[in-house]
Amino acid sequence: AQSVAQPEDQVNVAEGNPLTVKCTYSVSGNPYLFWYVQYPNRGLQFLLKYITGDNLVKGSYGFEAEFNKSQTSFHLKKPSALVSDSALYFCAVRGFNNNDMRFGAGTRLTVKP
Amino acid sequence: KAGVTQTPRYLIKTRGQQVTLSCSPISGHRSVSWYQQTPGQGLQFLFEYFSETQRNKGNFPGRFSGRQFSNSRSEMNVSTLELGDSALYLCASSVSEAGGPADTQYFGPGTRLTVL
Chain F
1 AQSVAQPEDQ
11 VNVAEGNPLT
21 VKCTYSVSGN
31 PYLFWYVQYP
41 NRGLQFLLKY
51 ITGDNLVKGS
61 YGFEAEFNKS
71 QTSFHLKKPS
81 ALVSDSALYF
91 CAVRGFNNND
101 MRFGAGTRLT
111 VKP
Chain H
1 KAGVTQTPRY
11 LIKTRGQQVT
21 LSCSPISGHR
31 SVSWYQQTPG
41 QGLQFLFEYF
51 SETQRNKGNF
61 PGRFSGRQFS
71 NSRSEMNVST
81 LELGDSALYL
91 CASSVSEAGG
101 PADTQYFGPG
111 TRLTVL
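These protein sequence lines map, in sequence, to chains F and H. This note's numbering numbers the first residue of the first sequence as 1 and each following residue consecutively. This note's numbering numbers the first residue of the second sequence as 1 and each following residue consecutively.
Rather than coming from a laboratory, the hints here were simulated on the basis of the structure. Quick reminder that beta carbons are idealized off the backbone N, C-alpha and C, glycines included. There could be a bad hint or two in this list.
Heads up, simulated DSBU-like pairs for lysine-lysine below, C-alpha to C-alpha not over 35 Å straight-line [unchecked claim]: (1) F/LYS77 - H/LYS13; (2) F/LYS112 - H/LYS13; (3) F/LYS58 - F/LYS22; (4) F/LYS77 - F/LYS49; (5) F/LYS112 - F/LYS58; (6) F/LYS69 - F/LYS58; (7) H/LYS57 - F/LYS49; (8) H/LYS1 - F/LYS77; (9) H/LYS57 - H/LYS1; (10) H/LYS1 - H/LYS13; (11) F/LYS112 - F/LYS49; (12) F/LYS69 - H/LYS13; (13) F/LYS22 - F/LYS77; (14) F/LYS69 - F/LYS49; (15) F/LYS58 - H/LYS13; (16) F/LYS58 - F/LYS77; (17) F/LYS58 - H/LYS1; (18) H/LYS1 - F/LYS22; (19) F/LYS112 - F/LYS22; (20) H/LYS57 - H/LYS13; (21) F/LYS112 - F/LYS77; (22) F/LYS22 - F/LYS49; (23) F/LYS22 - F/LYS69; (24) H/LYS57 - F/LYS112.
With the Cβ distance kept under 8 Å, some of the chain F side facing chain H (calculated, not the full set) [what the hints assert, rightly or not]: (25) TYR32; (26) TYR39; (27) ARG42; (28) GLY43; (29) LEU47; (30) ILE51; (31) PHE67; (32) PRO79; (33) LEU82; (34) ASP85; (35) ALA87; (36) PHE103; (37) ALA105; (38) ARG108.
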């Protein structure tokens with residue numbers, strides 16, 4: 001079965017600095033990878049996904065993610081963090097033959113002014 | 001397009017009662033999935049419905065059930081509530097004609113269930 005690991009519970013960055021939220025995955029066959037963001041008392045908002053093709057995926061709100069097959073990673077990045085980016089971020093994976101989306105435990109991003 | 005809507009947003013029940021949560025998907029979306037989110041277990045998949053049929057099921061007891069109607073709206077039911085059922089229940093919809101794993105799921109705001 002597929003699984004996702006987000007090794008950091010918490011990431012703190014200063015506003016204007018680049019941010020990275022890490023994600024590694026395990027799946028049989030080709031992975032389908034997703035990033036979502038959750039603000040307090042809200043559902044999950046879709047940021048971006050990797051299906052195939054270019055390893056660098058661009059998404060909403062200036063976020064991008066880099067797929068690395070050899071390291072089985074899909075790290076979320078943003079060149080310049082905003083205070084409003086502070087939220088809970090989830091990485092998720094599906095395998096080719098399975099619609100069961102598995103989520104990581106989440107990483108709480110705090111951007112300080 | 002309107003997003004995924006869930007009703008009610010908040011619910012308080014007591015142990016032993018049952019509860020029904022409702023989800024209306026984005027117009028044109030035919031797949032609806034349900035998730036339970038708790039601080040301890042994170043996001044866990046409950047089940048997925050497509051064309052009124054349960055297509056996939058997570059590892060939850062039979063007290064958790066669901067259904068989908070012909071207009072793609074979905075309900076989930078939890079019977080004999082336990083304290084541990086307190087959680088945020090999230091519904092997500094996707095276009096999902098053939099059940100493709102590449103489909104993006106769009107989430108509703110959730111129903112916060114508190115069991116006393």
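Hints, verified against the model:
no.: 1; hint: F/LYS77 - H/LYS13; in the structure: 41 Å, violated
no.: 2; hint: F/LYS112 - H/LYS13; in the structure: 39 Å, violated
no.: 3; hint: F/LYS58 - F/LYS22; in the structure: 16 Å, holds
no.: 4; hint: F/LYS77 - F/LYS49; in the structure: 13 Å, holds
no.: 5; hint: F/LYS112 - F/LYS58; in the structure: 24 Å, holds
no.: 6; hint: F/LYS69 - F/LYS58; in the structure: 17 Å, holds
no.: 7; hint: H/LYS57 - F/LYS49; in the structure: 23 Å, holds
no.: 8; hint: H/LYS1 - F/LYS77; in the structure: 29 Å, holds
no.: 9; hint: H/LYS57 - H/LYS1; in the structure: 28 Å, holds
no.: 10; hint: H/LYS1 - H/LYS13; in the structure: 33 Å, holds
no.: 11; hint: F/LYS112 - F/LYS49; in the structure: 27 Å, holds
no.: 12; hint: F/LYS69 - H/LYS13; in the structure: 46 Å, violated
no.: 13; hint: F/LYS22 - F/LYS77; in the structure: 9 Å, holds
no.: 14; hint: F/LYS69 - F/LYS49; in the structure: 15 Å, holds
no.: 15; hint: F/LYS58 - H/LYS13; in the structure: 43 Å, violated
no.: 16; hint: F/LYS58 - F/LYS77; in the structure: 10 Å, holds
no.: 17; hint: F/LYS58 - H/LYS1; in the structure: 23 Å, holds
no.: 18; hint: H/LYS1 - F/LYS22; in the structure: 32 Å, holds
no.: 19; hint: F/LYS112 - F/LYS22; in the structure: 19 Å, holds
no.: 20; hint: H/LYS57 - H/LYS13; in the structure: 25 Å, holds
no.: 21; hint: F/LYS112 - F/LYS77; in the structure: 17 Å, holds
no.: 22; hint: F/LYS22 - F/LYS49; in the structure: 15 Å, holds
no.: 23; hint: F/LYS22 - F/LYS69; in the structure: 14 Å, holds
no.: 24; hint: H/LYS57 - F/LYS112; in the structure: 41 Å, violated
no.: 25; hint: TYR32; in the structure: 5 Å, holds
no.: 26; hint: TYR39; in the structure: 10 Å, violated
no.: 27; hint: ARG42; in the structure: 6 Å, holds
no.: 28; hint: GLY43; in the structure: 4 Å, holds
no.: 29; hint: LEU47; in the structure: 10 Å, violated
no.: 30; hint: ILE51; in the structure: 5 Å, holds
no.: 31; hint: PHE67; in the structure: 14 Å, violated
no.: 32; hint: PRO79; in the structure: 24 Å, violated
no.: 33; hint: LEU82; in the structure: 22 Å, violated
no.: 34; hint: ASP85; in the structure: 19 Å, violated
no.: 35; hint: ALA87; in the structure: 14 Å, violated
no.: 36; hint: PHE103; in the structure: 4 Å, holds
no.: 37; hint: ALA105; in the structure: 5 Å, holds
no.: 38; hint: ARG108; in the structure: 12 Å, violated
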